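Hints in hand, dock the two standalone chains.
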Amino acid sequence: MEINIPKSSTVFSALLRADFTTQWRNRRSAVLALLIPVIILISWKGIIVKYGGAFVLSSSIALGLVAIGLMGYTNSVARDRDKGIFQRLRVAPIPSWAIMISRLTVQLTMILIVTICVFITGYYVDGIHLSAVGYLLTVISALVGGAVYLSLGQMIVGLIKNPETVNSTTRLVYFVFIITGMIGGLGFLGDIAQKLARWSPYGTVQTMLAGSLQPDLWHNETTMALLVTLGYTLFFAFMGIKKFKWNTR
Amino acid sequence: MNNHEQILNVEGLNVYYGTTHAVQNVSFDVKRGEIFGLLGPNGAGKTSTLSAIEGLLNYHSGSISVAGHNNKAKPLHAKAALGVQLQSTSFQPELTILEILQLYAGIYGLSLRKEELMGKLQDIKLADAANKKFGQLSGGQQQRVSLVIATIHTPQLVLLDEPTTGLDPQSRRQLWERIEGIREKGHGVLLTTHSMEEAQSVCDRIGIIDHGKVIEVNTPEALIEKHKDEPEVIRVSRKGRITLEDVFIALTGTEIRS
Chain A
1 MEINIPKSST VFSALLRADF TTQWRNRRSA VLALLIPVII LISWKGIIVK
51 YGGAFVLSSS IALGLVAIGL MGYTNSVARD RDKGIFQRLR VAPIPSWAIM
101 ISRLTVQLTM ILIVTICVFI TGYYVDGIHL SAVGYLLTVI SALVGGAVYL
151 SLGQMIVGLI KNPETVNSTT RLVYFVFIIT GMIGGLGFLG DIAQKLARWS
201 PYGTVQTMLA GSLQPDLWHN ETTMALLVTL GYTLFFAFMG IKKFKWNTR
Chain B
250 MNNHEQILNV EGLNVYYGTT HAVQNVSFDV KRGEIFGLLG PNGAGKTSTL
300 SAIEGLLNYH SGSISVAGHN NKAKPLHAKA ALGVQLQSTS FQPELTILEI
350 LQLYAGIYGL SLRKEELMGK LQDIKLADAA NKKFGQLSGG QQQRVSLVIA
400 TIHTPQLVLL DEPTTGLDPQ SRRQLWERIE GIREKGHGVL LTTHSMEEAQ
450 SVCDRIGIID HGKVIEVNTP EALIEKHKDE PEVIRVSRKG RITLEDVFIA
500 LTGTEIRS
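Protein chains in written order, with the numbering used here: chain A, 1 to 249; chain B, 250 to 507.
Looking at chain B on its own, in the form it has when it is part of the complex (with noise of 0.2 Å):
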């Protein structure tokens, strides 16, 4: 396996919403084994890009190929390549877990048995809640239960659209530890986060991505490293070190989005 290999190639994008250019001339790539955190402040455009990656949103221009598949020209074998966990994730409320389960795994072409679903929810310790419905479930259990069925079909790239939101911090450190197991399976992750903390533990690289525009890539530590010394990001620091927050701050301006 190249883990050099590109597993998703965005190249180009537009997205229009009406006369709004959302996401203008968008480009980046995900490897495989690599996990990828888009950052932006709410309305950048981040959502817009993940929805047209997932085949959600009609874009206008540009080209995305998932595992080598544009997804235009190709849409279900794109889809097949892609485990996604979308922001507000809802599930039928009348099911249960396991049904649920069993739903995605047929979606996805599975057959898997009882026994072998059960074992997917005893991995992250759920099996005595394979008959709850998954609103009974508290925030950490119901992420649990999303990456799984994200990850069911053991696909080339999954994306995760703020996953951690509203987690406690053991909650938090546990799904970091299932997305940096993904990548050493050598999936590669896509993930949007407002949390610095997340995109600077979990990420191999970043894109940082304002009023529709990518506006740098790079590792975290070259991010720090190459804005460190600039007066807008010292001014903004709040303990005398430079943290990735700082240049996220500092590059995107201090102003309140809606």
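Extracted from the complex, chain A is given alone in its bound form (with noise of 0.2 Å):
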């Protein structure tokens, strides 16, 4: 019997067609996403003088970074699987890892879109200029954090099934990217406290924008942190997808 299997482009864009629409009508963690960051930056302005400009933009998005992979992504897959959406995508004949892609796709585009909002608002509010090769490499560093946190997500989802359990722990691991990164990274905690949080998944993202984003200055601190964040995201990506579960039963 002659079956015809559907053009795995058609499929992909009608499941990125839905899932840009599920985050548009989802706004509220996209503003949120947005908003911390250009919050942070705003009311950092003072410090620029003592701690440069790229150490408080690194920081904004590291922190729009964390959002979106720990509270966009993370939390919308663990909402899906529980209600069975997933279930109910994958009896199309779809393989698994296109729904995942076009969910994936998404949230890179968001991340474009924080990392752009902070160079605009550092910009404008704060004054920090780059060069155009400190802009294009900043967005490809984003890129390669925001890898490291949606696959954090990934394993998080992966290793707890209750929806609400996940959405408690991603906001207690916000917390504390965000004492790390403000208070430990600063070294008000003391120098081990700063080792720590230098070499934590978010010290080594920042470490890796800020380096990003004055390429002159990049050192190798700054591929040691590319380094660590790429290890970061392999072994996180690994342990999500092995102990991943596409139903909660």
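Source of the hints: derived by calculation from the structure; they are not laboratory data.
Given the structure is predicted, the values throughout are model-derived calculations rather than measurements.
All residues carry an ideal CB built from backbone N, CA and C; glycine is no exception.
Careful: at least some of the hints might be erroneous.
[What the hints assert, rightly or not] Just a few of them, taken from the derived set where beta-carbon distance is under 10 Å, the chain B residues facing chain A:
id	residue
1	LEU331
2	SER337
3	SER339
4	GLU343
5	GLY355
6	SER395
[Said to hold, decoys possible] According to the in silico footprint, chain B covers these stretches of chain A (three or more CB under 8 Å from chain B):
id	segment
7	70 to 84
8	87 to 99
Below is the structure:
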């Protein structure tokens, strides 16, 4: 019997359209992911002289990335799994990876939007000007950094089935990252805490972003931060994919 | 079109959950233009069998062939020949009914224009609800939308997992007519239900499954005829006249399953 398998491009564009519409209708988390870095950027205007524009800009972007990966992606996956939305999609003739790639594409687009908003706010409010190479490298670093938090979110949703527990866990991790970034990273909690913060998933992304903002000042520690970031991504993604179940039964 | 042609063939299916043997050597088939009912108490193995057919569950052994395609060797072909209405259907709550239809049309490779999608909603008298969210519809309306989505690509086999649960008698009758409409078009239908009235009214053949095993496959009338004189059937009958429910209770026991 002749059976026609739908074209991958048709399937993927249908999924993308639905996922972008869902993201648009679910604007609260998107606005949160956008507002937090912008507010930090504006409120930290006073410390630019002491710590430099690159530090402030990279911290803002890093916190935006954490919000997207943990609050946006993870909670939506946990909810849709719990409601059986994935199971309904999976009985259709589409490979399971297409469902996730579509979701991730939406989140990567969000990362681009947040990064561009931070650039614009930094430029007009804080007077932070970068070279064209700096902007380009930072966008690439933001995508690489975003992948850490998306994969961390994947690991959380892989290890925890209950959507409410996933929600509270992501909030807790987000809070830890804010503390790590804002207090630990600035050295207020001592040298050890500062070192831990620097090599945490938050710190390595922030270091990588700061290096990208000023390509001339890229040094060995920035390269190490990039490698550690990739290591975190691989580990979280491996765990997240291995442990992930498409339903909560 | 050969109406005796098998559209689904399940052969020696075994499903395990850890050490629990949930589906044991289950075999049955569904033909074109036939409504086949899979009946069983809670935990009998109905949903596991259906999940294996849908490709949601990795079964241990046996084979499942949909429209001639083995669902392990050619999963996408098997899925493309299937239309599925899950027990607790859920769609993205942010999308409107029209957008959900658009999504599933795209997923099945159909490029339907808005007017064509609206026509499908018109068929189920839900054109006015095109811009509503799925959660804003009543139970009966939700089931109608689910059935339209399950059949949007005119599949050769439609799987319906307890499609009329929670519906009022009017909605249930309407859904039965739609299910019979699918049969009239020559498609096969496999449905699970707890309603013996539904099974007796709608199904051409019935498979009774219990403790993971198929214990009977026959037409509702033949099942009643075969068991009507058995003492256990007479004992459990309530109104003097033997019904399919009496046969079912006698075959699967009276104890409540979790």
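Cross-check of the supplied hints:
For LEU331 (chain B), the interface hint holds, the least distance from its beta-carbon to any beta-carbon of chain A being 7 Å, beneath 10 Å. Evaluation of the SER337 (chain B) hint against chain A yields a held restraint, the C-beta minimum of about 6 Å falling below 10 Å. A distance limit of 10 Å between C-beta atoms decides the matter here; for SER339 (chain B) the minimum to chain A is near 4 Å, and the interface restraint holds. Nearest Cβ of chain A to the Cβ of GLU343 (chain B): about 4 Å, under the 10 Å cut. The hint holds.
With its C-beta approaching chain A no nearer than about 2 Å, GLY355 (chain B) sits inside the 10 Å limit, and its interface hint holds. Taking 10 Å as the C-beta cut-off, the interface hint given for SER395 (chain B) holds, the closest approach to chain A being about 9 Å. As drawn, the segment 70 to 84 of chain A meets chain B at 3 residues by the rule of a beta-carbon pair under 8 Å; at three or more, the given contact holds. Figure legend: the segment 87 to 99 of chain A, annotated as covered by chain B; annotation consistent (9 residues with Cβ-Cβ distances under 8 Å, at least 3 required).
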